[in-house]
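Spelled out, the chains give:
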Amino acid sequence: MIIKQRLFIFLLVASITSWTIGIPPVNMFRPWDINLRPWIRYNKKCQAAVYDETGLEVTTFGPGHPHENALQVWNETQDALAMLQGFPAGSPETLFFENVLLSPVDNGIRGHLRFLGDLHLNASAGFSFYYNAPHHVQISAHLPLYAMSLNKIIFQDLTQDNSPSDILVKQNLTNNLAQTVHQFDPTLNLNNWSRVGPGDFAIMAEWRRSFRQRKPHLKNVDLLGRGILTFPSGLKRNVNEIFSVPFGYEGVGLLFGGGITLNWWDTIRGGIDFEFLYIFTNKQTVRIKVNENQTDFLFLAKTKAYREFGITERYQLFLETAPLCYGISGGVAYQFWKHARDKLVLLNQDFSNQLANTAQNLQEWTMHQLIFKLWYNSAPDGCGKNFDPQVLLFYKLPLTGKRSVMFHTIGALVAFSF
Amino acid sequence: MLSYTKDSMIPWLFFSVLIVASTLSSAQTPTFHTFKKGPLYFLKAALFVGTTTTENLRGGISQTFAGEGPFCGSTTNLLAPKAKVDRVSDQENPLYNKQISLMKPFGGGETIAAVTRDNPTKIYIRNPTKLDEQEPIITVPDLPDATGTPTAEIVAFEYLMTTTSDIAAPYLIAAVKQSSGMFGDPTSGLVLCRYGTYQKDAEGKTIPVDVSWHILATPAEQPCAVPFQAPFAGISINDGLSHLESDSVVLYWAPDLERLFIGVTALSTDTADENQGVCALALGRIEHEKIHIDPILPHNIHGAEGIISARGPHKRVAVHRMVHMMTSTGSSYLIMVGGQGSEHETQRTVYALPVVISGAQESTSPEQIRSIIAHNTDHCTIAKSNNQPYVVFHKYKQIKNVYARILSEPLRNSDAPYKPSDPAVAVGGGPLPGAVTDLKIQEDAIFVSVAGDGENAGGLFYSQAVLDSQGLIVSWTPWQRYARIDKNIFGFQLFPDSGIVSYLAEDPQQRDMLLLKQTIWQGIVPADKQQETTTTEDQLQNVLSSIVQEFPTHQGGILHVDEHYDTDPDHSLIMVSGNKKIALLWQAEHQWQSIVLADAITQQLGPISCAAIISNQQEKLLVIGGVYGVAALIDNAGHGWKRDSTMAQAVEQITSRSLHFTKIADWQFTKKICIDKKNIYLLTDTMLVRYTLSDDQTITFKNPVILAKSSTTGALFDCMIDGPLAVLATSKGLLRNESGSWIATTDRAPSWVPVSLAHTGSAHQIWCIPGIPYDNHHATLLYVLMDDPAHHQSMVFRVNTYVDYAKAVSEASVQSLVEDANNIVPFLSFNSSRSFFYTDGMNRIIVKPSCCGSSPGVYLIPVKDRPTACINQGLCRTIGAYAPGIHITQLMQSTLLGTLLIVGEFGIIFMH
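The listed protein sequences correspond, in order, to chains A and B.
The letter at position 286 of the first sequence is residue 286 when you use my numbering, and the numbering goes up by one with no holes.
The letter at position 894 of the second sequence is residue 1312 when you use my numbering, and the numbering goes up by one with no holes.
Same shape as in the complex, but just chain A (with noise of 0.2 Å):
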């Protein structure tokens, strides 16, 4: 009783001090990956697995199409102009963009910076460890560790010479952005960005069986079910900074999931796997849009809201070998991932909900990658001796996406059992 009342309050405190926003939108792994599943030893009761992949090279899909670079995820081109508007008549942002820069049409181009950086991912890696309960059931602990880095960050400026407004809008507001941002919002930080720390850690609990088939080429089918509860132990974003990736889903997540995976001839297997992430409600400190035409990495307003984030879906087809020869064995998946719009209730009178419900940063993303990999397991026949290592090598390879910054990943996987 005392400890269920213990994680109550602990979950509360994880959903309300929640302040920054949910699942980001990058493909790093969680270590309750389906694909970083060590083969089960059924002689063992438990198992320890230990990953670590690393970014080469990153891939960004905007809204419509591939950009160049991943501070574009959101928008093509930050609008420097349109951070100034939406404000009340007589703010400091207001007043500088009628008195200063003699309220200036945007004509596309005007105000406006492509905002271009190296985003990294220097590392995800992960621990887990399973124990193997009666009743086909496996019960795991999983905690996440990442380090990523934002540098050389550069701001293009598209502004042109051809009119007063132009030339105003250069020498007062685009060829110092970062102060000119600094005068209406110094805790905003336009640089570079480097951060290091846990993910959300997570329990899960999973049914497994196998049955056994007797045709001729259908040998085993496997279901399983499974049932994960996160907790938001994960760095939190920092609103200050652009583009700054959470290591966690900022709040209190539930995830079910299953699939089906079929055995031919005992030698090749496929199947489908699912998961469904649902993140509860949580109170955060936010930046919102204040303007139709505001970017993601200009919002000067920050309120409190609720935030309702979306349902995010997985799926994954999968194809692979059992172990043929010295316990080495290889696979592809695909893995298809949504995750629906979020959605803020401002606890602030003065923004429109609505407009601030714009945000692109609140919008669907999708994300389509494959995932190459090679397994090395020491006891083929699940009947391990203690300590029998697995070793797994992978390469994650982006296909395309909405709204999603993907890493070109490699890395590996050793577990134990024990």
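The hints are simulated quantities; they were obtained by calculation from the structure and are not laboratory data.
The model shown is predicted, which means the values in this text are computed figures rather than measured ones.
Please note: incorrect hints may appear among the correct ones.
Label-pair distances were calculated between CB atoms; the ranges are [said to hold, decoys possible]: (1) Lys302/A to Pro1172/B: 33 to 41 Å; (2) Thr1296/B to Lys302/A: 49 to 57 Å; (3) His972/B to Ser149/A: 56 to 64 Å; (4) Gln183/A to His972/B: 25 to 33 Å.
No residue lacks a Cβ here, since even glycine has one placed at the ideal position from N, Cα and C.
Following the hints, position chain B against chain A.
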């Protein structure tokens, strides 16, 4: 190094002419039909023409449609050989194939009253109804003259629907005379007849008792015309009348005023002394269905001398046309074409006289008002103008809206008489280049069509009233040509909903024929936006096209247009500026020419946002202002071109490189250059600077005086300088220099005082309606656009400025117009941001900037009824709509071109 591009060098192939907003697809001014000259009138979009019979042309009445309706351009001959005359079928149509001498609308529909040349004693009413197979024609019975015998000739007639009796009924008033006499003889007079007899049923509805004509008796109960007794009518002043010119009578019934204005052409006797004279205007009053003729100046017979009356021998005074004008502030004026002088002179002058309105002040019920109006002989007489108007409001509307400003005091002997040169009286400031052939009122503007003998003497002209803070007219703008129409015009119709004009122009091939034409809004866009490539017969369009190509959208388009207008068109020019270059447009030997100026200095200036011609007694020079400084086009000795040089000669000096741009100041972000007598004012976004010409009139740019700085005034957007007065549109609102200061001579920055408006936001634009300076005084009406994008609203206020060039600024120099009874409210308001406002009386144009992802546009605001609530964009008519981000940079009324120019990154829109 200067580089030049003459328009003749540019291949016509690259010209792109695009209709931006018009229901018409043609780039040419459309021509619908040809008519023989004859009596004609427009009724909304329908034009009725009484054609004259010639050997080759059948007479009768034709109807055609102008404007934008589905029948636009279609023409019908309204008459058939057989008609149902006075309810008898298959009769000879008395109007068919006849020469129509008089024609007027009878009622508000398509019913026409007409008199034929061969039977001038009869008025026929053509009353089309769908029920009749044959066209019904009703004949007005024989009208008696003042002796009671049937008239020999109907000289003029007028339809009226009056409410002076208990039941409203249609009436005709006809001016009749004997065949041997003239109108004005004792036998001539005015006959009143009523169509039908009406009574009210139990429910209060008016029902006809009979549908026949009733000739109504005189006040003396005689069954004849009311004699037009010149002395009694005030036409003959102290027996000074010699005679009236034959058939010169003009009748005008003002329905809002319930008065008949009777205009004549009167000549004084050879022996008339200083107390004797003639008056050309009288009033007709209908009381108990009887006409009473009253003088229009009962208390001061010489109160409008030179305008409607004259004293002394051999004087001729005439009234040719009249119309009642109610200004946007609700003041009533009689607008008349006429005056003292020869026929040639009086046909060219237009005057505005305030009239007395009686009834409204004392009474409350409509019946009481009718009764007072019917018997008050001061009603509609010429009013004393300098008394305080009484404001009457709509009683049934919750939102207060000015209904009328009433002058209730007639002009008396003790009051100063009106003079033809009074700025408030002389519309347009003087005579027009030709005879006025038609006259129409559009809110605060008067439009006239003109036909003259000289080249370009004809056309369509307008003058706008300059209102004072009480809503009364204090001055008029000079006559300006409208929509580039320069042919002899004999009739026109305004379509304020679309901003277009239909007009009847003289056919240059057959001068007795008229062509019905119509203006269009036309846009010229850069080649990179072209949708069709074409050249036109209009040489100006082609030259404008070549200029537009020099300022492509991707380089910022056209940033500004300025005009230097001289009375001689060959000395005038238009300056079109853009990014690092400026184009000049001028006329030489009736051909439009252009040149583009771009050199190292213009490159240094960056985007050029203003230009002006500065002149003294000897020379003129072009000054341009850009983002990075100000430059002048001068020779090595610092001089411009000679003042008496034509623009063609000046351009020769430019091309020979004896004139070149020299940077004269480093002021950044110059927005406007104002020239006021000896002073040159430069407005930048942060300051107002004055340069003063030296006493020897040498144009130098030394010793600038900084008059305003943005640190105290807020950001500067626009300015108006007039003698001692400066008005600034700033981010802190509308400001003027302090009382007692003199902006033209002060050597220090004056204090700036806010002009009280009902809004505290920033003022973005000042649109000036400058009156004609008179006797060292000058009045200007300002339309001030206040824009408040943060609250998604903008509004237009009206402000009157009145300066005495011999005195310093005072409290009375700038006053807001009291649109409401006691409060200053906006003249117009909008529910989103607006960047420009323009009005010429006919068109009220507002520019919506590209903002918040929405498209920019140029919209025509309906003028018909001034809305008291916020104007929704849906009510407005689109003239030009553009992709988001396109910048509309300026609206300018060009006197030289005679059209409005709308310019921006998209090119140019104008009307022709």
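Discussion item. Tell me the hint numbers this structure goes against, listed in increasing order.
Written reply: 2 and 3
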